[in-house]
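With this note's numbering, the residue at position 17 of the sequence shown is 17, and numbering never jumps.
Keep in mind that a hint or two might mislead.
The calculated lysine-lysine pairs, modelled on DSS-like cross-linking and capped at a C-alpha distance of 25 Å, are [stated by the list, open to error]: (1) K37 x K27; (2) K51 x K41; (3) K13 x K27; (4) K41 x K13; (5) K51 x K37.
Between beta-carbon pairs, the in silico distance windows are [what the hints assert, rightly or not]: (6) G8 x N56: 27 to 33 Å; (7) E23 x D49: 28 to 34 Å; (8) E18 x L54: 15 to 21 Å; (9) Y20 x K51: 26 to 32 Å; (10) G8 x N57: 16 to 22 Å; (11) A35 x I9: 27 to 33 Å; (12) Y20 x S46: 15 to 21 Å.
None of these hints come from the bench; they were simulated from the model.
Beta carbons are placed, not taken as given, at the ideal position from N, Cα and C, and that holds for glycine.
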Amino acid sequence: MDEPQIGGIDNNKINIHEYYEVEHWTKELHTTIEALKLAVKNVGTSIVDIKRYLNNN
Numbered sequence: 001m002d003e004p005q006i007g008g009i010d011n012n013k014i015n016i017h018e019y020y021e022v023e024h025w026t027k028e029l030h031t032t033i034e035a036l037k038l039a040v041k042n043v044g045t046s047i048v049d050i051k052r053y054l055n056n057n
């Protein structure tokens, strides 16, 4: 299980309004800001749900 928070980044949820989190997760998930925002809009802020959404779309 992932640690809940490392270096200021929550490994379970994203705060889409924090640029450093958006930057981190776009790199980590190999995606764009637009795709990440769309994923959050569709499935919420859970990283597990976002990963699943991005892998299926």
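Hint check results:
In summary, the hint linking K37 to K27 is supported, as the alpha carbons are separated by about 14 Å, within the 25 Å threshold. For the proposed pair K51 and K41, the alpha carbon gap of about 13 Å is at most 25 Å, so the pair holds. Distance hint between K13 and K27 is fulfilled; the C-alpha atoms sit about 15 Å from each other, no more than 25 Å. As the CA atoms of K41 and K13 are separated by approximately 13 Å, the hinted pair is consistent with the 25 Å bound.
For the hint pairing K51 with K37, the CA-to-CA distance comes to about 12 Å; that is within 25 Å, so the pair holds. In this structure the supplied range 27 to 33 Å holds for G8 paired with N56, their Cβ-Cβ distance being about 29 Å. At about 20 Å, the CB distance of E23 to D49 disagrees with the hint of 28 to 34 Å. A hinted range of 15 to 21 Å for the beta carbons of E18 and L54 is consistent with their spacing of about 19 Å.
A C-beta distance of roughly 19 Å is found between Y20 and K51, which places it outside the suggested range of 26 to 32 Å. Here the CB-CB span from G8 to N57 is close to 28 Å, at odds with the stated 16 to 22 Å. Checked against the hint of 27 to 33 Å, the C-beta distance between A35 and I9 comes to roughly 19 Å, which is inconsistent with it. A hinted range of 15 to 21 Å holds for the C-beta pair Y20 and S46, which are about 19 Å apart.
Hints 7, 9, 10, 11, counting from the list given before, are not met by this structure.
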